[in-house]
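Remember, the working numbering sits 27 above the position in the sequence shown when you count from 1.
Heads up, some of the hints might be wrong.
Now the in silico label distances, taken between C-beta atoms and shown as ranges [unchecked claim]:
hint : residue 1 : residue 2 : range
1    : 210       : 83        : 38 to 44 Å
2    : 39        : 133       : 27 to 33 Å
3    : 126       : 97        : 21 to 27 Å
4    : 99        : 133       : 28 to 34 Å
5    : 89        : 115       : 32 to 38 Å
6    : 61        : 202       : 22 to 28 Å
7    : 62        : 212       : 24 to 30 Å
8    : 190       : 130       : 39 to 45 Å
Hints listed in this document are in silico derivations from the structure and should not be mistaken for laboratory results.
From the three backbone atoms N, C-alpha and C, an ideal C-beta is built for every residue, glycine too.
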Amino acid sequence: MSPQTKTERALCRPDAAALIGFMASGAIIAVWVVVTAVRRVLEVVPNRDVPVTAVFDGTPAQAPIGPDGAAVTVELATGRLTAPELPVASVAALVLEQIALVATVLVVVGALLWLTKNIVRGSIFSRTNTALVSTAGIAGLLGFCAVPFFANMGANGAFAWISDRTFDNAVMSVDLFPLLLLAFIAALASTVFTVGDRLQRETAGLV
Numbered sequence: 028m029s030p031q032t033k034t035e036r037a038l039c040r041p042d043a044a045a046l047i048g049f050m051a052s053g054a055i056i057a058v059w060v061v062v063t064a065v066r067r068v069l070e071v072v073p074n075r076d077v078p079v080t081a082v083f084d085g086t087p088a089q090a091p092i093g094p095d096g097a098a099v100t101v102e103l104a105t106g107r108l109t110a111p112e113l114p115v116a117s118v119a120a121l122v123l124e125q126i127a128l129v130a131t132v133l134v135v136v137g138a139l140l141w142l143t144k145n146i147v148r149g150s151i152f153s154r155t156n157t158a159l160v161s162t163a164g165i166a167g168l169l170g171f172c173a174v175p176f177f178a179n180m181g182a183n184g185a186f187a188w189i190s191d192r193t194f195d196n197a198v199m200s201v202d203l204f205p206l207l208l209l210a211f212i213a214a215l216a217s218t219v220f221t222v223g224d225r226l227q228r229e230t231a232g233l234v
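Take these sequences, add in the hints, and give me the full structure.
As structure tokens, this is what we get:
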């Protein structure tokens with residue numbers, strides 16, 4: 028008997044309702060990200076007074092947080108800059124940041140929505156679901172690296188333009204711990220679905 032890759036298991040109504048709610052939430056998130064990205068691109072493309080979130084490399088600055096508002100030296104980690112104008116490469120990088128963000132969210136949400144639809148229909152462990160989980164994990168990892176990469180490129184262009192290239196703050200960094208955690212979760216989910224599909228096919232072959 029050929030192995031079956033579909034488990035016909037009816038979900039109880041609360042579980043089905045929860046999964047449908049998850050699907051609706053995912054669709055709302057995807058729409059919100061697309062709208063936000065379009066607004067950001069429209070804000071950047073005119074290249075006038077462009078707000079940019081910048082990452083600083085421990086740059087010292089004065090903050091009025093002492094007694095009676097006295098200035099105290101602090102180290103900047105992030106800040107919001109408004110560049111009167113940006114190099115073309117920086118504008119392109121900021122646009123690519125939004126494209127990478129939208130692409131990542133759409134792929135991840137789309138894969139998870141497809142996966143959820145299959146589960147609602149009774150198919151839990153299958154090659155299709157394993158591929159969907161792997162696709163969502165890989166897309167999430169790539170987006171986690173690509174989005175801040177392009178954002179940092181845009182911010183460094185703002186530094187160069189504002190300081191007339193006299194301030195060197197070339198920071199290209201990705202938070203390592205969240206990246207490793209995301210990679211672990213993606214690998215674990217993919218492994219669970221792979222093993223589940225294999226066990227299901229082996230069990231079906233014995234029937």
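Output the indices of the hints that this structure fails to meet, ascending. 1, 3, 4, 8
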